[in-house]
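J.: Numbered per our numbering, the sequence shown spans residues 246 to 421.
No lab work stands behind these hints: they were computed from the structure.
Glycine included, each C-beta is placed from N, C-alpha and C at the ideal position.
Incorrect hints may have been included.
Per label pair, the in silico range of CB-to-CB distance [stated by the list, open to error]:
no., residue 1, residue 2, range
1, G352, L415, 32 to 38 Å
2, E399, D369, 17 to 23 Å
3, D345, L372, 15 to 21 Å
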Amino acid sequence: MTQHVPLLSEAFAAFARQGGYVARPEGDALMIASEPGGEIRFYIRRRGDNLALSRAERSEDEQLVMSSSTVGEIEKYLTVVIGDDVRTVTGLGMLDGPTDASQLAAGQHVVQVDDGAFAISQSDGILDPARFPTADIAAPIYTYSSTVGHSTDEVRAAYLSRDGAPLFRLWQPRRA
246 MTQHVPLLSE
256 AFAAFARQGG
266 YVARPEGDAL
276 MIASEPGGEI
286 RFYIRRRGDN
296 LALSRAERSE
306 DEQLVMSSST
316 VGEIEKYLTV
326 VIGDDVRTVT
336 GLGMLDGPTD
346 ASQLAAGQHV
356 VQVDDGAFAI
366 SQSDGILDPA
376 RFPTADIAAP
386 IYTYSSTVGH
396 STDEVRAAYL
406 SRDGAPLFRL
416 WQPRRA
């Protein structure tokens with residue numbers, strides 16, 4: 246039954262297509278897969294009142310990436326992940342984003358919430374609705390953190406701008 250499959254915005258679907266991804270129902274999930282061949286696959290499923298995003302490569306089992314009460318938070322995370330492919334296809338340079346707690350925006354903190362998941366708390370103490378299973382270095386929560394407080398349209402626009410501004414900056418090799 247696909248009537249309960251989560252839906253993404255047409256703006257996100259068009260952005261994903263630019264990066265070589267397609268979205269289609271698969272069982273109880275909406276699958277977003279790289280084309281051709283679906284080497285990288287994301288699945289969005291309803292889990293009670295929330296949506297869960299998982300990821301799999303090739304023949305690997307799915308691994309939970311994040312959950313949220315809104316599809317917008319999942320779209321923002323996927324925009325950052327797929328955005329690298331969009332920038333490659335369109336000839337734009339790679340963007341640099343946070344990969345650990347030391348690179349979070351001013352006022353942001355990673356906190357563990359009651360169910361054991363991790364969330365981003367802003368300086369006003371308000372928790373972002375997205376939840377992540379881990380806060381290890383290079384975990385998806387840090388990738389996502391640069392989108393907190395911004396709309397999905399703003400995140401997409403930054404990925405399509407030449408320099409990634411105002412949310413990101415062009416990647417520069419790190420000096421030792």
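J.: Next step is simple, just say for each hint if it's right about the structure.
T.: Comparing the hints with the structure gives:
For the pair G352 and L415, the beta carbons lie near 24 Å from each other, so the given range of 32 to 38 Å is not met. Evaluation of the 17 to 23 Å hint for E399 and D369 yields a pass: the beta carbon distance comes to about 19 Å. Range check, D345 to L372: about 20 Å between beta-carbon atoms, so the 15 to 21 Å window is met.
Hint violations for this structure: number 1 only, all remaining hints satisfied.
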